[in-house]
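Each protein sequence line maps, in turn, to chains Z and E. My numbering applies: residue 1 is where the first sequence begins, and numbers increase by one. My numbering applies: residue 111 is where the second sequence begins, and numbers increase by one.
These aren't lab readings, by the way, just hints derived from the structure by calculation. For each residue, glycine too, the CB sits at the ideal point set by N, CA and C. Be aware that a few hints might be false.
From chain Z, some residues computed to sit far from chain E (all C-beta separations above 12 Å) [unchecked claim]:
no.	residue
1	VAL10
2	GLY12
3	GLN16
4	ILE18
5	THR25
6	SER36
7	LEU48
8	SER58
9	SER61
10	TYR62
11	SER67
12	LYS68
13	SER69
14	GLY70
15	GLY79
16	ALA82
Under the rule of at most 16 Å between Cα atoms (straight-line distance), these lysine to aspartate or glutamate pairs were calculated in the EDC-like manner [what the hints assert, rightly or not]:
no.	chain 1	residue 1	chain 2	residue 2
17	E	LYS155	E	ASP220
18	E	LYS176	E	ASP201
19	Z	LYS47	E	ASP201
20	Z	LYS68	Z	GLU83
21	Z	LYS106	Z	GLU83
22	Z	LYS44	E	ASP220
Below, each chain spelled out in residue letters.
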Amino acid sequence: QSALTQPASVSGSPGQSITISCTGTSSDVGSFNLVSWYQHHPGKAPKLMIYEVSERPSGVSYRFSGSKSGHTASLTISGLQAEDEAHYYCCSYAGSSAVVFGGGTKLTVL
Amino acid sequence: QPQLQESGPGLVKPSETLSLTCTVAGGSLTNGYYYWGWIRQPPGKGLEFIGNIYFSGNTYYNPSLKSRVTIALDTSKNQFSLKLNSVTAADTAVYYCARGGASQMLYAMDVWGQGTTVTVSS
Numbered sequence: 001q002s003a004l005t006q007p008a009s010v011s012g013s014p015g016q017s018i019t020i021s022c023t024g025t026s027s028d029v030g031s032f033n034l035v036s037w038y039q040h041h042p043g044k045a046p047k048l049m050i051y052e053v054s055e056r057p058s059g060v061s062y063r064f065s066g067s068k069s070g071h072t073a074s075l076t077i078s079g080l081q082a083e084d085e086a087h088y089y090c091c092s093y094a095g096s097s098a099v100v101f102g103g104g105t106k107l108t109v110l
Numbered sequence: 111q112p113q114l115q116e117s118g119p120g121l122v123k124p125s126e127t128l129s130l131t132c133t134v135a136g137g138s139l140t141n142g143y144y145y146w147g148w149i150r151q152p153p154g155k156g157l158e159f160i161g162n163i164y165f166s167g168n169t170y171y172n173p174s175l176k177s178r179v180t181i182a183l184d185t186s187k188n189q190f191s192l193k194l195n196s197v198t199a200a201d202t203a204v205y206y207c208a209r210g211g212a213s214q215m216l217y218a219m220d221v222w223g224q225g226t227t228v229t230v231s232s
């Protein structure tokens, strides 16, 4: 299976909203509502932010939301804060127990 | 929430076998609601799913690594392990263990270890 496609970088100013896209195929994102998103600060463990396309785990800010249309999933962060600066990875189930990650997106808060 | 901790050698010689262990504290490997997985991040690159194992013993391995990977459970020690043989410099990475959902939060990984750096070099 191939990695999901994410933009290498996105940026926004504090208070703004940004959206990170994650494009897959009919074998993964397009076939299953099992997309998750992870926030990764350097040197730390990745943190689950969204699961099953749009569900937020307990303790994750309401500013983080997820959606999907066709083969593309999206993560939106509203009211950008400095601490949101990190790498973000999407991940999708791809059938037969397979899991595939996106290449990652670096979010810069200007 | 349980805590996961990776352990193992930080340096492995080319062509040898990389062996890592993930110890689960505050949770049980025998809980059928979860799977237990390994993920790695080579320097300057993104996350790569290596594979996972369920309490049943069923495993999944990334096709690109399948011929070299073994993941196993040791329920007596509440640990699971990763073995990757015939390593090369391309296997140099930070290796993470994680818990994933098998019944709820399907396939999402909600608990991660801190990661351990493994360098392949002679």
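Here is how each hint holds up against the structure:
no.: 1; hint: VAL10; verdict: holds, 15 Å
no.: 2; hint: GLY12; verdict: holds, 21 Å
no.: 3; hint: GLN16; verdict: holds, 25 Å
no.: 4; hint: ILE18; verdict: holds, 19 Å
no.: 5; hint: THR25; verdict: holds, 15 Å
no.: 6; hint: SER36; verdict: violated, 4 Å
no.: 7; hint: LEU48; verdict: violated, 5 Å
no.: 8; hint: SER58; verdict: violated, 10 Å
no.: 9; hint: SER61; verdict: holds, 16 Å
no.: 10; hint: TYR62; verdict: holds, 18 Å
no.: 11; hint: SER67; verdict: holds, 16 Å
no.: 12; hint: LYS68; verdict: holds, 14 Å
no.: 13; hint: SER69; verdict: holds, 20 Å
no.: 14; hint: GLY70; verdict: holds, 20 Å
no.: 15; hint: GLY79; verdict: holds, 24 Å
no.: 16; hint: ALA82; verdict: holds, 23 Å
no.: 17; hint: E/LYS155 with E/ASP220; verdict: violated, 21 Å
no.: 18; hint: E/LYS176 with E/ASP201; verdict: holds, 14 Å
no.: 19; hint: Z/LYS47 with E/ASP201; verdict: violated, 23 Å
no.: 20; hint: Z/LYS68 with Z/GLU83; verdict: violated, 25 Å
no.: 21; hint: Z/LYS106 with Z/GLU83; verdict: holds, 13 Å
no.: 22; hint: Z/LYS44 with E/ASP220; verdict: holds, 14 Å
Comparing the model with each numbered hint stated earlier shows that hints 6, 7, 8, 17, 19, 20 do not hold.
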